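Chemist: Note that the protein sequences, when read in sequence, are chains A and B.
Quick note: the first sequence uses the working numbering, first residue 1, plus one each step.
Quick note: the second sequence uses the working numbering, first residue 1001, plus one each step.
To be clear, the hints were calculated from the coordinates, so they are not data collected in a lab.
Predicted model, so just to flag it, every value in this text is computed and none were measured.
One or more hints might be untrue.
Not close to chain B: a few residues of chain A, all C-beta gaps over 10 Å, as computed [claimed, not checked]:
id, residue
1, Arg30
2, Ser40
3, Pro47
4, Glu51
5, Gly94
6, Arg97
7, Arg190
8, Asp194
9, Leu195
10, Gly196
11, Arg279
12, Arg280
13, Glu331
14, Leu336
15, Val337
16, Val342
If you only want the chain B side, here are some residues facing chain A, beta carbon under 7 Å, derived [as the list claims (entries may be wrong)]:
id, residue
17, Ala1072
18, Ala1074
19, Val1113
20, Thr1114
21, Tyr1244
22, Leu1248
23, Leu1268
24, Arg1272
25, His1275
26, Glu1295
Which bits of chain A does chain B cover? Going by a derived footprint, with three or more residues having C-beta under 8 Å, they are [to be verified]:
id, region
27, 269 to 277
28, 305 to 313
Where a beta carbon is used, it is the ideal one built from N, C-alpha and C, also for glycine.
There are 2 protein chains.
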Amino acid sequence: MKARDDSASARGGAAGRRRTQNASMADVARVAGVSSQTVSRVANAFPGVNEETRQRVQAAMGELGYHPNSAARALKRGAFHTIGVITFTLSTTGNVRTLEAIAASAAEEGYAVTLLPVAVPTQDEVRGAFSRLGELAVDAVIVIMEVHLLDAARLALPPHVKVVVVDSDAGDRYAVVDTDQAGGTRAAVRHLLDLGHRTVWHLAGPEDSFAAERRTVAWRAALAEAGREAPEPVRGDWSAESGYRAGLRLAEQPGLTAVFAANDQMALGLLRALHERGRRVPEDVSVIGFDDIPESGSFLPPLTTVHQDFAEVGRRCVAGVLRQVEQDEAERGTTLVPTRLVVRSSTAAPGV
Amino acid sequence: MKARDDSASARGGAAGRRRTQNASMADVARVAGVSSQTVSRVANAFPGVNEETRQRVQAAMGELGYHPNSAARALKRGAFHTIGVITFTLSTTGNVRTLEAIAASAAEEGYAVTLLPVAVPTQDEVRGAFSRLGELAVDAVIVIMEVHLLDAARLALPPHVKVVVVDSDAGDRYAVVDTDQAGGTRAAVRHLLDLGHRTVWHLAGPEDSFAAERRTVAWRAALAEAGREAPEPVRGDWSAESGYRAGLRLAEQPGLTAVFAANDQMALGLLRALHERGRRVPEDVSVIGFDDIPESGSFLPPLTTVHQDFAEVGRRCVAGVLRQVEQDEAERGTTLVPTRLVVRSSTAAPGV
DNA sequence: GGCTGTTATGTTTACGTAAACATTCGGTGG
DNA sequence: CCACCGAATGTTTACGTAAACATAACAGCC
Chain A
1 MKARDDSASA
11 RGGAAGRRRT
21 QNASMADVAR
31 VAGVSSQTVS
41 RVANAFPGVN
51 EETRQRVQAA
61 MGELGYHPNS
71 AARALKRGAF
81 HTIGVITFTL
91 STTGNVRTLE
101 AIAASAAEEG
111 YAVTLLPVAV
121 PTQDEVRGAF
131 SRLGELAVDA
141 VIVIMEVHLL
151 DAARLALPPH
161 VKVVVVDSDA
171 GDRYAVVDTD
181 QAGGTRAAVR
191 HLLDLGHRTV
201 WHLAGPEDSF
211 AAERRTVAWR
221 AALAEAGREA
231 PEPVRGDWSA
241 ESGYRAGLRL
251 AEQPGLTAVF
261 AANDQMALGL
271 LRALHERGRR
281 VPEDVSVIGF
291 DDIPESGSFL
301 PPLTTVHQDF
311 AEVGRRCVAG
321 VLRQVEQDEA
331 ERGTTLVPTR
341 LVVRSSTAAP
351 GV
Chain B
1001 MKARDDSASA
1011 RGGAAGRRRT
1021 QNASMADVAR
1031 VAGVSSQTVS
1041 RVANAFPGVN
1051 EETRQRVQAA
1061 MGELGYHPNS
1071 AARALKRGAF
1081 HTIGVITFTL
1091 STTGNVRTLE
1101 AIAASAAEEG
1111 YAVTLLPVAV
1121 PTQDEVRGAF
1131 SRLGELAVDA
1141 VIVIMEVHLL
1151 DAARLALPPH
1161 VKVVVVDSDA
1171 GDRYAVVDTD
1181 QAGGTRAAVR
1191 HLLDLGHRTV
1201 WHLAGPEDSF
1211 AAERRTVAWR
1221 AALAEAGREA
1231 PEPVRGDWSA
1241 ESGYRAGLRL
1251 AEQPGLTAVF
1261 AANDQMALGL
1271 LRALHERGRR
1281 VPEDVSVIGF
1291 DDIPESGSFL
1301 PPLTTVHQDF
1311 AEVGRRCVAG
1321 VLRQVEQDEA
1331 ERGTTLVPTR
1341 LVVRSSTAAP
1351 GV
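Based on the sequences and whatever the hints tell you, model everything.
Modeler: Listed below in structure tokens is the structure:
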């Protein structure tokens, strides 16, 4: 008590106001008439504390509104029970859904999630983010971003931090959790070909996106496998607006009967463009998306798309980092989360 | 001390692989041949360090890959430089966009953001979340949730934690940042009435949502103000699917010419339902949404909607909590972020 | 009755940082 | 020429917790 008063009045000058700070173990110990170590034992539910004593301590805790100071705890334990998540943007469905799942899984495991947004995807920015993470109270990091940007920052990543990367091809250097883009794309293309379409056009995502690239490559491979020719893909930037613009161009292609869009938002824009140009979906043109965002079932028409299990991705990310934290060693290799084709009304046999 | 000396001298210049754990100030001090206090001064860019010494220290830092330990720092400073965000779900556009803006603003101010998801919105869950937050390394909390659930948890909220609430009517007890729902709704209804519609129907959000309630009340008020009758509102749960189901019912209403949907997703479902029932938009029925999600410009037809400035909401939230942290005292009162009507193609004069 | 083991509790110490206080040293003004 | 200044640097201490170690009381056993 006295020590506390002293220090408070000592630093009470300009900057320090009255400390409404939490009571410490020592305070609880004093009130309960025990040592602070016993308070610690009660707080951490350690065995070897008399029931009566425990009650007394708990009463004191309640009285003082005691909450353990996590900074001290982290300092002592050398662990923060926190996972950092680095990402560029929360504008894409995938990132958000993954983040949500990560947060939920982490909470289940008693871990908190700290968000580290990187505003502008320049190398310096990423490097800065990692360096800030180094100072951050974080035991492990989950990175949701393109691998080439990650590379730029690699050196700045503190060596003891465990990392899991989402949606990347860096499986040789990091633990990677990825959606089975290839499988989903293949299923989408096969579905269209099986319906009788001669070939499938592609509304691709941005060039600098690894996920987009994977889908494009898989689309090409699936066509090649069936011995079909791959038309030149048209690129968007994931947004519905870009899908619309690309769709206007696609609508002018002669012989267009089926389009595989790299995500649902672009598919939405595509639907609008086709509608405006008088191409009916699915009678004239079949459209298939990727992601299965909640709204896609309400598009006009309801969109056939590839469902991604973001929740599972998040779960595996958390499991991955926690495994690394426990074992205290880095992991490598890629985990693939399966996808599933959801058939709705935007695909049909080509017009007769 | 002894073990530490050994290990430090042992690794000298080569990176020891055993405890690659962060080097401490003491390690840096030893290498640089100064006291740890001088290292601290360099690390915090304090004045009164000789240039030459500073260089030497910085060299040592680089060599050892030194990163300040934030747990120790937080313990010493009594502050974490972290803002906690409590929310139920990242499934709604608003929450996500707000969170994104919060994260960005916080990063700008040098604060990290810790996410605390609450899976199931029961009172116990919320209480648990707050109590966990109490142990968390957090200086302030931003709550994105309905106020009645917040109330349930009020007692569990540690008293020293500063709070800002988004989208709530608890301005008398907390600092609240809210979107001008009433203004936006009013603009939407006026827009439709000015186009010549006799009245405006309402596709409402879930009952337990404060934001939904505000919009419903404002819609009713705007109609009353114009001396029009308010039809019974139809309820959805924010999802496009629920909008579709509600839309099927609305499509059967005789005299339906204009609908104000409480968010864009439900408007999307509504569009689909109207389309299926052969009611053309906007020729037969005008539809207006709320939120202005990025996709709404690509709906069929592009949606007239009320734009919400989530970025501004996030910014004000961060500013609010940081102000409280600095002043070390709680604030109250509500800040309103203005909305803006975005007119696209889903509204027109009623069919002649 | 002394020895051992067990249970309940107290004491010391260290985690890494940084504020507060102490020391050193080359000047400078009285 | 020396006491004093201030710049540069070192030493002590405290933040709150918890591991490691220490103590105390008591039961069981030969």
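Chemist: Are the hints correct? Go through all of them and say.
Modeler: The hints, checked one at a time:
1. Arg30: holds (20 Å)
2. Ser40: Since the minimum Cβ distance to chain B is about 14 Å, Ser40/A lies beyond 10 Å and the statement holds.
3. Pro47: holds (21 Å)
4. Glu51: Since the minimum Cβ distance to chain B is about 23 Å, Glu51/A lies beyond 10 Å and the statement holds.
5. Gly94: holds (12 Å)
6. Arg97: violated (8 Å)
7. Arg190: Since the minimum Cβ distance to chain B is about 28 Å, Arg190/A lies beyond 10 Å and the statement holds.
8. Asp194: For Asp194/A, whose nearest Cβ neighbour in chain B is about 27 Å away, the distance exceeds 10 Å, so it holds.
9. Leu195: Non-interface label stands for Leu195/A: nearest chain B Cβ at 23 Å, farther than 10 Å.
10. Gly196: Holds, because the least Cβ-Cβ distance between Gly196/A and chain B comes to about 26 Å, which exceeds 10 Å.
11. Arg279: Since the minimum Cβ distance to chain B is about 13 Å, Arg279/A lies beyond 10 Å and the statement holds.
12. Arg280: holds (12 Å)
13. Glu331: Non-interface label stands for Glu331/A: nearest chain B Cβ at 16 Å, farther than 10 Å.
14. Leu336: The claim holds: Leu336/A sits with its nearest Cβ about 24 Å from chain B, beyond 10 Å.
15. Val337: holds (19 Å)
16. Val342: For Val342/A, whose nearest Cβ neighbour in chain B is about 14 Å away, the distance exceeds 10 Å, so it holds.
17. Ala1072: Nearest chain A Cβ about 5 Å off; hint holds.
18. Ala1074: With a closest approach of 4 Å, the Ala1074/B hint holds.
19. Val1113: holds (4 Å)
20. Thr1114: Given a least distance of 5 Å, the restraint on Thr1114/B holds.
21. Tyr1244: Holds - the Cβ of Tyr1244/B comes within 7 Å of chain A, reaching about 5 Å at its closest.
22. Leu1248: violated (12 Å)
23. Leu1268: Because about 5 Å separates Leu1268/B from the closest Cβ in chain A, which is inside the 7 Å limit, the hint holds.
24. Arg1272: holds (5 Å)
25. His1275: holds (6 Å)
26. Glu1295: This interface hint holds because 4 Å falls under the 7 Å limit.
27. 269 to 277: With 4 residues in contact (Cβ-Cβ under 8 Å with chain B), the coverage given for the region 269 to 277 of chain A holds.
28. 305 to 313: Per the Cβ count (0), the hint is violated.
Taken one by one, the earlier hints fail for this structure at numbers 6, 22 and 28, listed in ascending order.
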